[in-house]
Amino acid sequence: MKELKLYLGPNHPGMHGNYSVHMYVDGDTIVRARPMPGMLHRGFEKLMERRYWMNNLALIPRICVPEPDINEMVYSMAIEELSGVEVPERAHWIRMIILELARIANHLMSLGGIGGPVGLYTGPNWGLADRDLILDIFEEITGARIYHMYIVPGGVRKDISEETIEKIQSFLDYLERRLPEYEDLILKNELVIRRTKDKILLPAEVVWELGVTGIGMRSAVGKAYDIRKVDPYARYDQVDFYVPTANYSDGYTRLYFKYLETYQSIKIIRQVIEKMPKKGEVWNKISVGNALRWRVPKGQVYTHVECTRGEYGYYLVSDGEDKPYRVAVRGASYPQGLLGVEKYMPGTRIDDAALWMDTMGVCAPEIDR
Amino acid sequence: MKTPDKSFFAPAKAWKYLTRKPVTIPMDDILTTPREASDRYRGFHVNDWEKCIGCGTCSKICPTDAITMIEFTELPDVEGSKPQRPSIDYGRCSFCGLCVDICTTGSLQMTKEYLHISKDPNSFFFIPTDEGIHLKKEPLGYIRDENSDLLGLEREEMEIDPPEVRKTSFIEMVKGFSKEQAIKEASRCVDCSICEKTCPAHMNIADYIRDIYTNDLETGLKDLYKTNPLPAVCGRMCTHKCETVCSIGHRGEPVAIRWLKRYIVDNVPQEKYSEILNQEIIKKANAKVAIIGAGPAGLSAAYFLSLMGYEITIYEEKNRPGGVLNYGGPSYRLPDNAFEQDVNYIKSLGVKIITNTKVGKDITLEELREKFDVIFASTGFNKGRKLPIEGADHEKVYDSLTILEDMKNYVRGEGPKPYIPKSLVVIGGGNVAMDVARSMLRLQNLENGESEVHVLSLERTFDEMPADEDEIVEGKEEGVNFHPGWGPVKVIVEDGKLKGVLFKKCVEVFDENGRFNPKYDESKTMMVEGDMVVMTVGQAPDYSYLPEDIQNKMTIERGKVKTNEYGQVEGVPWLFAGGDIVNGPDIIHGVADGHRAAQGIDKYIMEEKVI
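Which chain is which? The protein sequence lines are C and U, in order.
To convert, note that position 170 of the first sequence is 170 in my numbering; the numbers rise steadily by one, no gaps.
To convert, note that position 422 of the second sequence is 422 in my numbering; the numbers rise steadily by one, no gaps.
Do not take every clue at face value.
[Claimed, not checked] Below are the SDA-like pairs computed for lysine to any residue, each with C-alpha atoms no more than 25 Å apart in a straight line: (1) C:285 <-> U:155; (2) C:285 <-> U:149; (3) C:285 <-> U:146.
[Claimed, not checked] Sample of chain C residues lacking proximity to chain U, with all beta carbon distances greater than 12 Å (derived): (4) 36; (5) 39; (6) 46; (7) 172; (8) 231; (9) 232; (10) 238; (11) 242.
Since the hints were derived computationally from the structure, they do not count as laboratory data.
Keep in mind the model is a prediction, meaning the values are calculated, not measured.
By construction, the Cβ of each residue, glycine as well, lies at the ideal position given by its N, Cα and C atoms.
Using the sequences and the hints given, assemble the complete structure.
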């Protein structure tokens with residue numbers, strides 16, 4: 001048996017971020033796979049200990065590049081819990097708009113992005129073009145397109161205007177008309193079906209073994225484990241939505257789930273717009289004085305939210321000073337992206353490796369942090 | 001899961017996309033006519049140099065360290081600002097806008113401009129002015145609003161006795177901050193230290209406020225004593241010039257620097273001072289210094305000189321040290337124990353204070369000259385003045401200092417009861433007028449259960465009046481009647497009895513050059529009845545203790561002695577001066593003068609010894 005070593009990444013169109021998998025192959029079957037993180041490592045957790053509570057806001061969105069808002073949300077939730085600050089009602093709903101728009105943006109990108117590894121390049125172009133419409137909305141609400149630095153401990157930085165809400169509504173109408181075209185292009189496409197159906201399986205035992213959450217878990221074990229449902233944050237307990245589940249998790253199911261969840265997000269945002277208070281405060285400061293001297297009371301807390309890849313959490317310790325004492329990030333794709341690659345990628349084919357990374361929802365920066 | 005079935009005509013669907021408009025923008029288009037950013041876009045910065053005070057708060061909050069403050073020597077180095085402006089490195093900037101949200105003056109803002117393409121890396125580093133990176137006026141983008149503001153603009157409220165309690169009480173009315181309040185107030189400080197330049201004593205204000213924030217009062221006390229040996233006094237009745245320039249004051253209420261200082265001294269026990277400060281006296285010179293007058297300047301000089309190893313003797317004409325602090329600040333503002341806290345520590349350093357000894361009468365200046373190497377004169381503006389108007393020589397017409405001293409001594413239980421009038425007329429609108437009016441009001445209330453005090457000032461509005469706003473507001477609450485805009489004509493005396501004062505309407509206090517030159521409308525007069533009149537029209541120095549030949553060598557202009565920057569009197573090298581007689585009445589100025597004179601005296605003696 002001859003073994004050949006091949007590199008997937010760190011610079012590869014099928015790779016998610018600057019991450020690398022060293023594949024030892026026999027023929028076109030992967031025999032061993034070594035995940036090689038570290039190329040994105042910026043020491044976020046350590047850096048956060050040296051920055052004021054508010055300053056970290058500019059740092060944390062970068063932990064997960066495609067979906068930055070969850071970081072702001074989970075960080076804010078942690079601080080709010082420690083300092084006991086009440087988030088204004090309107091801010092809760094505005095946060096949900098931001099988070100769900102971000103979810104849609106991320107799903108569009110990864111739904112279209114499947115076109116990369118399978119060779120269907122219309123997909124990514126469509127996905128990115130429609131995501132850009134969401135970025136326009138983000139720009140209007142927050143002042144930035146990707147890294148919003150908008151959800152802050154105690155609320156949100158700016159109020160949202162009526163015009164923006166109308167713009168969001170017309171975007172949702174557009175997207176609802178547009179989504180069936182995605183189905184046509186991607187989900188009914190022979191290329192995608194052949195490459196993902198009954199391939200890249202994620203059995204229930206592996207889910208329990210590794211601690212996979214999110215779409216991977218829900219499609220494999222048939223349980224609606226979604227933080228928005230099981231431990232609702234913001235005002236998710238006041239909106240009605242459905243969490244798709246299945247008992248067979250192949251690449252195609254997980255892809256299809258993203259498509260289904262996009263509809264649910266649209267439904268959530270519509271309810272939010274209807275139910276949110278029409279005016280009111282949006283930010284209660286977490287502490288007294290100026291932002292250079294804000295303090296968070298002593299204590300430790302773990303907060304979590306549901307991101308597109310699963311449970312995303314921050315464990316945060318404060319010693320009562322103006323900077324965090326320790327922050328640990330639970331990246332949602334950490335188990336499958338690191339241990340999963342090593343243990344369960346072997347046995348698949350070379351051309352499946354990129355698809356494996358894609359449909360397992362691996363986000364390299366949150367593994368490296 | 002079953003895949004959806006695809007229609008037979010599916011391939012034909014592609015044709016419909018031919019007619020769709022593309023959502024992308026061509027590359028050459030975006031360079032020539034960039035898409036307009038949204039209204040809140042966080043683009044390149046602009047900074048209004050007129051408004052910017054160079055406080056550097058933007059550079060402190062910057063999470064990426066992109067903002068560096070750069071010194072500009074051509075900028076005027078004036079009080080309330082620093083000659084520096086922020087520069088921004090767009091290689092680091094993350095466009096978070098925290099700098100805009102925390103800017104103390106609101107000068108730093110962001111525009112909607114976002115496109116900069118260059119091969120020259122230096123062009124990504126720039127110093128924003130009111131024009132953006134391409135020197136074009138671009139519309140503003142992200143704007144700070146009330147919601148996103150990152151400063152603490154509201155002052156922590158100080159507990160003060162209610163007016164009903166105050167008007168019959170000489171117990172200190174301002175209660176001081178609790179620990180929580182002090183930390184809250186200290187956390188509003190942005191650590192810009194702009195106040196330190198304005199403070200005459202250049203106190204390490206930012207340092208001691210940080211000490212309060214970190215709850216390290218021992219270091220706080222050390223920081224106070226670096227520049228000011230009278231913190232308990234200055235924490236109560238300083239003119240707090242620091243607060244008028246406080247950078248937070250541009251958009252909100254300035255940090256209560258004075259009360260914070262008081263918080264430190266109130267919360268460190270006196271008996272631990274020596275242990276905490278642990279000041280070592282290095283025996284440096286075998287020289288003796290005499291100080292005339294135990295007021296703020298004299299005590300300050302004594303403190304600093306004794307730390308340098310000099311032997312200090314202070315001569316004080318009254319029976320207790322303090323000078324103006326002894327009789328000037330009424331007990332409800334400055335209780336004796338606060339002053340004693342300060343003076344006891346100074347005494348513990350070995351400073352000798354000889355009271356009841358008036359230089360020029362009990363001991364002559366020549367005698368002092370023989371006994372001591374150097375003399376420091378800090379005799380203050382210790383004579384009250386009266387206006388030269390008709391009837392001013394009546395026995396019930398007082399100058400401010402006499403009546404203040406009588407009242408304070410009576411309140412202490414050390415003097416006879418002063419005459420308590422049915423109706424008091426106070427002429428003047430400064431803080432001394434307030435002290436007189438409010439002290440007498442208390443005595444009236446204690447004596448008769450009712451009060452009648454009239455304060456008449458030339459200034460026509462409360463804003464123009466030199467008294468602190470707090471004093472006016474509190475005085476009103478207690479029942480002082482204010483009549484702004486009246487100048488006295490004469491004191492009316494009938495059959496040897498004081499009847500009141502006749503006033504005429506003042507139409508203008510300052511002329512167009514801003515000089516004091518009041519103009520009156522003689523046709524409008526008002527008579528204010530009263531059986532006692534106090535004129536608070538400034539104080540004057542008394543130089544009678546200085547022999548004529550020495551006075552001839554000195555320059556005295558408008559009652560003030562001319563000295564060099566170290567307080568050395570011009571023409572008399574062994575004589576130093578400070579306090580009111582050099583810089584006019586102000587406690588903290590006196591403290592600063594004492595510090596500078598101590599340095600000057602040390603320098604003078606060291607040079608003398610070498611020769």
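Results of checking the hints against the structure:
About 16 Å separates the Cα atoms of residue 285 of chain C and residue 155 of chain U, which keeps this hinted pair within 25 Å; it holds. Pair hint residue 285 of chain C plus residue 149 of chain U holds up; C-alpha atoms about 10 Å apart against a cutoff of 25 Å. Taking the CA atoms of residue 285 of chain C and residue 146 of chain U, the gap is about 12 Å. The hint holds against a cut of 25 Å. Distance check on residue 36 of chain C: its Cβ is at least 28 Å (rounded) from any Cβ of chain U, clearing the 12 Å threshold; non-interface status holds.
Even its closest Cβ contact with chain U, about 21 Å, leaves residue 39 of chain C beyond 12 Å, as expected for a residue assigned away from the interface. The non-interface label for residue 46 of chain C is consistent with chain U: the shortest C-beta to C-beta separation is roughly 15 Å, beyond 12 Å. Consistency note on residue 172 of chain C: stated as away from chain U, and its beta-carbon is indeed over 12 Å from all of that chain's, at 17 Å minimum. Consistency note on residue 231 of chain C: stated as away from chain U, and its beta-carbon is indeed over 12 Å from all of that chain's, at 28 Å minimum.
The claim that residue 232 of chain C is not at the interface with chain U holds, since no C-beta of that chain comes within 12 Å of its own (minimum 26 Å). Chain U leaves residue 238 of chain C outside its interface by the beta-carbon criterion, the shortest separation being 24 Å against a cut-off of 12 Å. Residue-level check passed: residue 242 of chain C sits 16 Å from the nearest beta carbon of chain U, beyond 12 Å.
Figure legend: structure checked against the earlier numbered hints; every hint is met.
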